[in-house]
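Novice: All chains, full assembly: derive it from the sequences and hints.
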Amino acid sequence: MFEARLTQGKILKQILEALKDLVLDANIDCSEEGLSIQAMDSSHVSLCAVALRSDGFDHFRCDRNISLGFNSSNLGKILKCADNTDIITLKAEDSADSLTLMFESEKNDRVSDFELKLMDIDADHLGIPDTEYKTTISMPSGEFQRIIRDLQVLGDTCTIAVNKDGVRFSVSGDLGTGNVLVHATSGVDKEEDSAVTIDMEEPVELTFALRYLNFFTKATSLGPTVVISMSPDVPVVVEYPIDQIGHIKYYLAPKIDDEGDE
Amino acid sequence: MGIKQLNKLLSDQAPECMKIAPLTSLNGRKIAIDASMSIYQFLIAVRQGGEGNVHQQLTNEAGETTSHIQGMFNRSVRYLVEGIKPVYVFDGKPPSLKSGELLKRREKRQKAEEELKKAKESGDADAENQQQKRLVRAGTKENDDCKKLLRLMGLPVVEAPCEAEAQCASLCKEGKVYASATEDMDCLTFATPVLLRKMTFANSGKAEIQVLNYAKAIEGLNLTHDEFVDLCILLGCDYCDSIKGIGPVSALKLIREHKNIETILKHLNRDKYDIPANWLRGEKKSKKAKDDTTTTSTTTTETASTAAVDDNEKPAAATTAENTPETANAPAPAPSPASKVASEAEDDEDSDEPPVYVQARRLFNKHECLTGPDVTLKWKEPDGPELTKFLCDEMGFDPKRVASGIDKLRNAFKKNSKPQMRMDSFFGVKKAPNADALAKKREAEKKNKKKGGAKKQKKTGFFSKR
Numbered sequence: 001m002f003e004a005r006l007t008q009g010k011i012l013k014q015i016l017e018a019l020k021d022l023v024l025d026a027n028i029d030c031s032e033e034g035l036s037i038q039a040m041d042s043s044h045v046s047l048c049a050v051a052l053r054s055d056g057f058d059h060f061r062c063d064r065n066i067s068l069g070f071n072s073s074n075l076g077k078i079l080k081c082a083d084n085t086d087i088i089t090l091k092a093e094d095s096a097d098s099l100t101l102m103f104e105s106e107k108n109d110r111v112s113d114f115e116l117k118l119m120d121i122d123a124d125h126l127g128i129p130d131t132e133y134k135t136t137i138s139m140p141s142g143e144f145q146r147i148i149r150d151l152q153v154l155g156d157t158c159t160i161a162v163n164k165d166g167v168r169f170s171v172s173g174d175l176g177t178g179n180v181l182v183h184a185t186s187g188v189d190k191e192e193d194s195a196v197t198i199d200m201e202e203p204v205e206l207t208f209a210l211r212y213l214n215f216f217t218k219a220t221s222l223g224p225t226v227v228i229s230m231s232p233d234v235p236v237v238v239e240y241p242i243d244q245i246g247h248i249k250y251y252l253a254p255k256i257d258d259e260g261d262e
Numbered sequence: 263m264g265i266k267q268l269n270k271l272l273s274d275q276a277p278e279c280m281k282i283a284p285l286t287s288l289n290g291r292k293i294a295i296d297a298s299m300s301i302y303q304f305l306i307a308v309r310q311g312g313e314g315n316v317h318q319q320l321t322n323e324a325g326e327t328t329s330h331i332q333g334m335f336n337r338s339v340r341y342l343v344e345g346i347k348p349v350y351v352f353d354g355k356p357p358s359l360k361s362g363e364l365l366k367r368r369e370k371r372q373k374a375e376e377e378l379k380k381a382k383e384s385g386d387a388d389a390e391n392q393q394q395k396r397l398v399r400a401g402t403k404e405n406d407d408c409k410k411l412l413r414l415m416g417l418p419v420v421e422a423p424c425e426a427e428a429q430c431a432s433l434c435k436e437g438k439v440y441a442s443a444t445e446d447m448d449c450l451t452f453a454t455p456v457l458l459r460k461m462t463f464a465n466s467g468k469a470e471i472q473v474l475n476y477a478k479a480i481e482g483l484n485l486t487h488d489e490f491v492d493l494c495i496l497l498g499c500d501y502c503d504s505i506k507g508i509g510p511v512s513a514l515k516l517i518r519e520h521k522n523i524e525t526i527l528k529h530l531n532r533d534k535y536d537i538p539a540n541w542l543r544g545e546k547k548s549k550k551a552k553d554d555t556t557t558t559s560t561t562t563t564e565t566a567s568t569a570a571v572d573d574n575e576k577p578a579a580a581t582t583a584e585n586t587p588e589t590a591n592a593p594a595p596a597p598s599p600a601s602k603v604a605s606e607a608e609d610d611e612d613s614d615e616p617p618v619y620v621q622a623r624r625l626f627n628k629h630e631c632l633t634g635p636d637v638t639l640k641w642k643e644p645d646g647p648e649l650t651k652f653l654c655d656e657m658g659f660d661p662k663r664v665a666s667g668i669d670k671l672r673n674a675f676k677k678n679s680k681p682q683m684r685m686d687s688f689f690g691v692k693k694a695p696n697a698d699a700l701a702k703k704r705e706a707e708k709k710n711k712k713k714g715g716a717k718k719q720k721k722t723g724f725f726s727k728r
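Protein chains in written order, with the numbering used here: chain A, 1 to 262; chain B, 263 to 728.
Just so you know, these hints were derived from the structure itself, not from any lab.
Watch out, some of these pointers could steer you wrong.
Simulated pairs of lysine-lysine, BS3-like, Cα-Cα distance not exceeding 30 angstroms [as the list claims (entries may be wrong)]:
id	chain 1	residue 1	chain 2	residue 2
1	A	K117	B	K680
2	A	K164	B	K478
3	B	K403	A	K77
4	B	K680	B	K478
5	A	K117	B	K693
6	B	K403	B	K281
7	B	K702	B	K670
8	A	K77	B	K438
9	B	K692	A	K20
10	A	K20	B	K281
11	B	K366	B	K292
12	B	K438	B	K702
Remember, predicted model here, so these are calculated numbers, not experimental data.
Specialist: Written as C-alpha cells, this is what we have:
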C-alpha cells in the first residue's frame, strides 16, 4: 500500500509541467524515504531527477518499494483537473496497475478522484555519483529563464563561462552573437531571493544545446532560485530547490570538441 | 537469409531483449551498417511507376541502374542529420560453406526468370514487378559505385574479408561502434552486443527502430553463447541445412535439454527425423566400420581416418555407435534415401572434414574479421565538387536535390565536430529500481499464458456435449 497526501497540490502540478516536454514516460519510484523520478529525454542527452522527501508530505505511507510507470502527457491531463489550491492524495496498491489521484478542494467541499492506468517501463537507470563541482552559481530562477529565452533567438548552442568577473552566457549564430554577463551581487542589502552568488574554485567554460536549457526553465515556477553547478567536461546540473520538500534536478551533457575519431 | 524464425522465437521467449526505440535515441552513436543488405533493399525498393504499371529501376542516361546510389545517398544524409555516424561494411568473399545456400538462391533466380517471362507474355504487371524484384542482384559494379559515393561523402567504408554481418559484430564487440544495423538475424549469432533492425525510415515522420540486445536475448532464452549458436544452427542458418521437422519450439527444448547438437543427435529418434547426411559425416563411417568389420581393407582405412577427426565429435560418434545399436543397425540393411546421399557426399568430399554443423559453429564463433588497428574509422568533410560531379554528371541526379543534400552533409559535419555528448557516457547504467518487479511480472505473465492456453483447449462452451 502506498499513500501520500500533499497539501500543496500545486507542487505536483508544476513538477509535471516541468517534466512533460522533456520526458515521455517515466517511473515514480516510491520508498519509505519519499518519491523519486529519474528519466532521460529520448536522445539520452539530458536527465531529469525529482526527489520529494516523505517528511514534506502531510501523510506518507509506503509499505513496499513500488514503481509507478506513467505517461507524462496522460498524467498531465489528469493533474490539470486539480486546482492550484487543492490537496492532492496519491494512492496505489502494492501490485496495482493503476494510480488513484484524489483532489480535495476545501473551499468548495468538492472531492474528485481519478484513476490513471499505469504502464511497465524498463528504461535505463543511471547511477549518478555525488560530485564536488568546481563552480556553483545560485541566481533567481526568473533571471535564468529570461537569459535562456533571449539567447535562443540568436542560436542553438550556448557557452556558459564562469570566471572571477561573473558568469557569461554567450551565443553565436547566423544572425550574430550575444553575451549576457551576470555579476555576483555584493553586500547584504539585497533580498535573498534575488541575490546572485558565485562559488568558484577554478574557471569553467562549457557549451550546451539551448533547446534543453530551455526545457529546464519550465521548472521556474517551482522555486525562486536556481542553482547551476559545473565542472569541466561533465554534465551541468541545474537544480530548482522546492521549498520544504525536495528538488528537481536537470543534468545536461555538454558538447565537447571531438579530438579525432580513432 | 539469416536465422529462420529466430525473431519470432525471441519475441515469444525473451521479449525483454527487444525494444522499439525512436530514431533520436541513437543520437551521437556510431553504427556499423551492413552495406550489401542496404544495397539490395534499395535495388528492390527504389523504383518508379504507379500501380498497375511495370515498375522501373532508376537509371541514368546511359541506362545504368542508379536506385542504390539514390537510396544510399538519401539515407546516409538522413543518418547524419539525426546525429548518427554510420560506418558501411561491405561483404567480402562468401565462406565456402555458404555455397549450398547460394546455389539455392541461384535456382530461385532462375525460377523467377521463367516466371518473369510468363508474366511478360500474359501482360500481368503486378506479377512482372514481383518477379523482377526477385531477380535483383547487387554485383561488383553496384558495390563499387556505393563505395565511391560513401568515400566522397566522407564516410568510413570497411571491406570485410568475409561476411559483412560478422565484421559488423566484431566492430561492435570491440567497442568501435555502438551497434550493428542489418535485417540479418545472423548478426546476433555472431554475438553483436546490439543489433538494430528496421532502420529504413520508410515513413520519415515516425522513425522507430527495433533494438535487440544480445545479452538479454541469451539471458531470456536461458542459454549460454555456445548453446545459442547451436540453437541457431538447428533453426536453420545460411551455412548448412537443418533437420527437417524440428521447429523453433522443439529446437529450443532440445538445446535446453541436451546443451549441444552432438548430444541431441545422440538422443534423436532417427526414424522420425531425417537428419541431413552431411551432419552425420564421420559418425556414419565409424558405424559402417562397426557393421561390416568383415569386409575389405578400404573400410579399415576409413576408420583410421575417422579416428583422426576433430576431437569435438569423436566421442559423440563413438558413443553413438556403441550405445544405440538399434539405430546404428537400421540404415545398413535398408538404405534410406538419406544414406544414399550420404555415400555420394562421402565420395566427393574429403573424409577428414568434420560434420557440417561443427564447421558452421566454427564460422559463427571464429569468423575472419578485420580487428584492432586494421580498421580505422574516420568521418571526413564531404567532397562537395566531386560529389556533384559524380551524382549529377555520372548518375544524372537533379542538381538542386544534390546541392541540398550536400548542404545537409556539411551542416551535419560541422555539428559533429563539436558533438553533443550523451548522458550514459558520463553516468553508468545501473539496474532500475523496478527491474526485479518487472522481471517477476513478466515471468508470471509467461506462466499465465501457458496456463491460459491449456485452459482454452479444455473449455469448449458453457454446456458440454454428452
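Novice: If a hint holds in the structure, say so; if it doesn't, say that too.
Specialist: Hint-by-hint comparison with the structure:
At most 30 angstroms may separate the alpha-carbon atoms for a hinted pair to count; K117(A) and K680(B) exceed this at roughly 42 angstroms. Our distance criterion of 30 angstroms between C-alpha atoms is broken by K164(A) and K478(B), whose separation comes to about 50 angstroms. Using a Cα cut-off of 30 angstroms, the hinted pair K403(B) and K77(A) is violated, with the two alpha carbons roughly 57 angstroms apart. Taking the CA atoms of K680(B) and K478(B), the gap is about 33 angstroms. The hint is violated against a cut of 30 angstroms.
Between the alpha carbons of K117(A) and K693(B) the distance comes to roughly 24 angstroms, so the proposed pair stays at or under 30 angstroms and holds. For the suggested pair K403(B) and K281(B), the alpha carbons sit about 36 angstroms apart, so the restraint of at most 30 angstroms is broken. For the given pair, K702(B) sits about 47 angstroms from K670(B) by alpha-carbon distance, which is inconsistent with the 30 angstroms threshold. The suggested pairing of K77(A) with K438(B) is violated, with an alpha-carbon distance near 44 angstroms, which exceeds 30 angstroms.
Using a Cα cut-off of 30 angstroms, the hinted pair K692(B) and K20(A) holds, with the two alpha carbons roughly 24 angstroms apart. Pair hint K20(A) plus K281(B) holds up; C-alpha atoms about 22 angstroms apart against a cutoff of 30 angstroms. Taking the CA atoms of K366(B) and K292(B), the gap is near 35 angstroms; set against the 30 angstroms cutoff, the hint is violated. Taken as a hint, the K438(B) and K702(B) pair is broken in the structure, with Cα atoms around 35 angstroms apart against an allowance of 30 angstroms.
In this structure, the hints that do not hold are numbers 1, 2, 3, 4, 6, 7, 8, 11 and 12, in rising order.
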